[in-house]
Amino acid sequence: MNSSTKISTTCRGSRRACARTRSRISISGPRRSGSFTIIERSTSTSRVGERGPARVASARGRDGRWVDIPIPIPDAGQTETFAIGDLELLLCNADGTPFVVKDECPHVQTSMKGGQIRGTILECPLHGGRMDLRDGSPVEMPIRRPGICFRVRPDGEGWQVLLPG
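Reading the sequence shown from the start, the letters are residues 477 to 641 in the working numbering.
A couple of the hints might just be wrong.
Cross-link-like lysine to aspartate or glutamate pairs, in silico, EDC-like; alpha carbons within 16 Å at most [claimed, not checked]:
| hint | residue 1 | residue 2 |
| --- | --- | --- |
| 1 | LYS589 | ASP544 |
| 2 | LYS578 | GLU599 |
| 3 | LYS578 | GLU564 |
| 4 | LYS589 | GLU633 |
| 5 | LYS578 | ASP551 |
| 6 | LYS589 | GLU599 |
| 7 | LYS578 | GLU556 |
| 8 | LYS578 | ASP562 |
Have a look at the derived ranges for each label pair, beta carbon to beta carbon [what the hints assert, rightly or not]:
| hint | residue 1 | residue 2 | range |
| --- | --- | --- | --- |
| 9 | HIS603 | GLY632 | 24 to 32 Å |
| 10 | GLU616 | ASP544 | 13 to 21 Å |
| 11 | GLY641 | ALA552 | 31 to 39 Å |
For the record, the hints were derived by calculation from the structure and aren't laboratory data.
Only a predicted model underlies this, so the values are computations on that prediction, with no experimental measurement involved.
Cβ coordinates follow ideal geometry from the N, Cα and C atoms, glycine included.
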């Protein structure tokens, strides 16, 4: 029995064009066989909003609160975890610039602590997927969804992170 279904995927990037790819596939053979043939593929481009994939309601400072980061900035290329309430966060030092992301790999929801940093790219220590610390955008598989990023600012001798409402 043949059947047809449509699958849509979206790749999001911050402040740059992103590609939206739609593929229609025809599944042939028994439903459990998993074999399929791509019969149509189209690509269109669109722009992502200013906030990009950083999925934080307070990404622009509205409805958020600045909170002191309770740990020192780690050495360049290093990461350190900390928690504010129930929120587990990862503080990253990318060549002297601090970044804060949710301490969760967008691929399998495991901790990103210990991941290598090259430039502004954080590599997951479990499967090697990579995401950009500036906006959470996926850079290398198996990460396909954006990570959650938080704004950071200096405050006196320390740093603060902007948390949602």
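- Which hint numbers does the structure go against, in order from smallest to largest? 1, 4, 5, 9, 10
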